[in-house]
Amino acid sequence: MCLFGKTVASVYDAFMKRLTADQLSQWTMRYGVRPGAIAGFFVFVAFLWTLLFQHAIAYPYLFLFYGAVMGSAWFGGILAGFLAVIFSSLIIAFFFVPPFLSMTIAEPSQTYFAAFIFSAIAITLVSFALRRSETAVRNARDQLEARVLERTAELQQSNLDLLESGRRLRMLTDAIPQQMWSANAGGIIEYCNQHLIDYVGHPVEGALEEAFSSFLHSVDERVFRQVWHSALETGKAFEVEARVLSAAGNYRWFLIRSIPQLSADGAIARWYGIHIDIEQQYRAQQGLIQAQGKLARLSRILSMGELAASIAHELNQPLTAVVTHSYACRQWLRANPANIERAADTADKIVQESTRASAVVARVRALFRKDDFVREARNLNSLIQELVRLLRDDAIRRNVSIELVLAEDLPKADLDPVQIQQVFLNLVLNAMDAMAEASEPRQLTIRTIKQADSMIQMTVEDRGTGLTPEVAARIFEPFFSTKANGTGMGLAICRSIIEAHEGRIWATESAGGGTVFHITLPVSS
Amino acid sequence: MTKQRHNTDADQQTVFIVDDDASICEGLSNLLEALGMKAEPYSSAEMFFEHWDSARSGCLLLDGRLPGMTGVEFHDKMLQAGSTLPIIFMTAHGDIPMVRKVMKSGAIEFLTKPFPKEELLHAIEQAFTIDRDRRREEKILNSIRGRAASLTEREREVMSMVTAGMLNKQIAAELNLSEIMVKTHRRHVMDKMGAESLADLVKLSERIKMP
Chain A
1 MCLFGKTVAS VYDAFMKRLT ADQLSQWTMR YGVRPGAIAG FFVFVAFLWT LLFQHAIAYP
61 YLFLFYGAVM GSAWFGGILA GFLAVIFSSL IIAFFFVPPF LSMTIAEPSQ TYFAAFIFSA
121 IAITLVSFAL RRSETAVRNA RDQLEARVLE RTAELQQSNL DLLESGRRLR MLTDAIPQQM
181 WSANAGGIIE YCNQHLIDYV GHPVEGALEE AFSSFLHSVD ERVFRQVWHS ALETGKAFEV
241 EARVLSAAGN YRWFLIRSIP QLSADGAIAR WYGIHIDIEQ QYRAQQGLIQ AQGKLARLSR
301 ILSMGELAAS IAHELNQPLT AVVTHSYACR QWLRANPANI ERAADTADKI VQESTRASAV
361 VARVRALFRK DDFVREARNL NSLIQELVRL LRDDAIRRNV SIELVLAEDL PKADLDPVQI
421 QQVFLNLVLN AMDAMAEASE PRQLTIRTIK QADSMIQMTV EDRGTGLTPE VAARIFEPFF
481 STKANGTGMG LAICRSIIEA HEGRIWATES AGGGTVFHIT LPVSS
Chain B
1001 MTKQRHNTDA DQQTVFIVDD DASICEGLSN LLEALGMKAE PYSSAEMFFE HWDSARSGCL
1061 LLDGRLPGMT GVEFHDKMLQ AGSTLPIIFM TAHGDIPMVR KVMKSGAIEF LTKPFPKEEL
1121 LHAIEQAFTI DRDRRREEKI LNSIRGRAAS LTEREREVMS MVTAGMLNKQ IAAELNLSEI
1181 MVKTHRRHVM DKMGAESLAD LVKLSERIKM P
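Chains as they are written, first to last, in our numbering: chain A, 1 to 525; chain B, 1001 to 1211.
A short list of chain A residues far from chain B (calculated; beta carbon distances all over 12 Å):
id : residue
1  : 107
2  : 155
3  : 157
4  : 447
Just so you have them, the derived chain A footprint on chain B, three or more residues with Cβ under 8 Å:
id : stretch
5  : 1016-1025
6  : 1029-1043
7  : 1109-1117
Cβ-Cβ distance ranges computed for the label pairs, FRET-style:
id : chain 1 : residue 1 : chain 2 : residue 2 : range
8  : A       : 344       : B       : 1036      : 18 to 26 Å
9  : B       : 1022      : A       : 358       : 13 to 21 Å
10 : B       : 1077      : A       : 358       : 33 to 41 Å
No lab work stands behind these hints: they were computed from the structure. From the three backbone atoms N, C-alpha and C, an ideal C-beta is built for every residue, glycine too.
Please build the complete structure, drawing on both the sequences and the hints.
See below:
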């Protein structure tokens, strides 16, 4: 018992310690003074009104007190409502129910009085419930309004942000010293940056290829169209080097590069393009290629000169010996008496040295004969296709169309792919050169033919200016060239390569007026 | 003609052949031998310098392209060693810059292989003549220097004054001697130097560049 009492005391202490004076007054205010005051006010008003009107209306007090209860519950909460019920009951019992001015209630009124109490309690509850629900609705509405306001503000902010980021993006695209555009999946231009507009001098609008045709060089435009169409089909990024006309009226080389943006389902949503100025690079590259060409020619001449010098030296040594021995031989024979023995020795030396000279010649010839060719069993068709792919841009620029008529089931041939491609490249470039001044159509036809006698044949046919009989007779000779700056070695090398492959190369007149080069190669065994 | 020189020259002139190609050496020495000349072949510059004696006269037949040493370097080395042996260069291909360098460095002739016998003989003859003249000159100078060395101090003084064109009277005054004494010294100088006249003496002193 003592223990229980201590526990209760300690719990009470702890409770009291937590309950500060301030909290205590709040409590009293909330559950004592405030509901009491509200209930008291309403019941007092109802009492005054009842005193004033009791003689005019029969039992008006009931409604007035109902009103006081309702008001108390509405404004003061359920506690105030119940207090109002108690205050009202006491006042009615004391003042308005017979016997008057006593707390006792006469028998006939007891029922009415009980009914009043119950109905007043019910009114309190209903009024309180109404009040609560009304408050809840109002709170919900307030909250909703607050949130709507909040969201509106947010939306406004995000709109501003969006505008700002759009503006920034535009500034960024204009700040990058490159020309940019974007187009929809079908190639209709949606946007282009200020640099592009400034460079070409007018807004770039509408379909990509139409818009670009106004400022691309006509030759490069064809390349661009082709590349663009194949990009539309394959949906892959592409790049084209092209000359672009500036507002000032001159062309500069640009690298036009475009990548597609894919949507979630993998379809193309948009194309983004960038034009990079490569004029300097292009010029440097051209200069480099020219310099390289010159250097190669020069080094060939130099090495030929050096080779000639060393061959000359190699040959001169035994020849000098032969010459001096010959003089000596004559001198021995002329002596008086003739020294036949020395003369015969010297003649032997002459034979020796002459043999040495011819060995030098044989060695030089061996140097130029290549016996160590690479040989691989390869399909000529695939070699041709590979090379034509590489030459495509060049052909389009030169306005030459290349037609391939390749034999199916072409047997493989033992060949050195690099050398055969070199021959082939030579023939195709020659053909294109031959058609440079010819009128259209500039058609180049490459055929492969399977021949019955274990040979395959390839022909390269152009519609160029053709060959005069004199030229045709000498065309495969070394150092023979019809070109202003030709080395005259191209076709000579072709022939030596083909002959090393045990094949044959010759040229005939084409039915279309140009030249046909024929090559036969043996089929791989 | 060659026979004649062979007979007259006690100390026979030799053609030193330096070429790394044995067959060239052999051919050349065979030819020169057939012509009655003395030839010595060497297959490298090193071997030549090993056996070389600056007292031996003749000329050098040098290949322009020696392994390890260019003809010009060879020539420089010889000059450093104090040789005056004339050089004839041979080369398989006459490249112009080398010819210029070689000729500047003092070669007397340049032959492009293979060369006719006449050209070779002409060059050798020329070289022999140059060498012989040079050696003869050297000999004379040496004898003059020897004679000048035998003069006494006073005689040398007198000689330098005489060759400078001073009169006996002036020399006597300068050296504080009697004119008779000057005349005696002068006679001794003429005798020792082997000069027949004043003009001779002046020439001799010029040649050995006496002060």
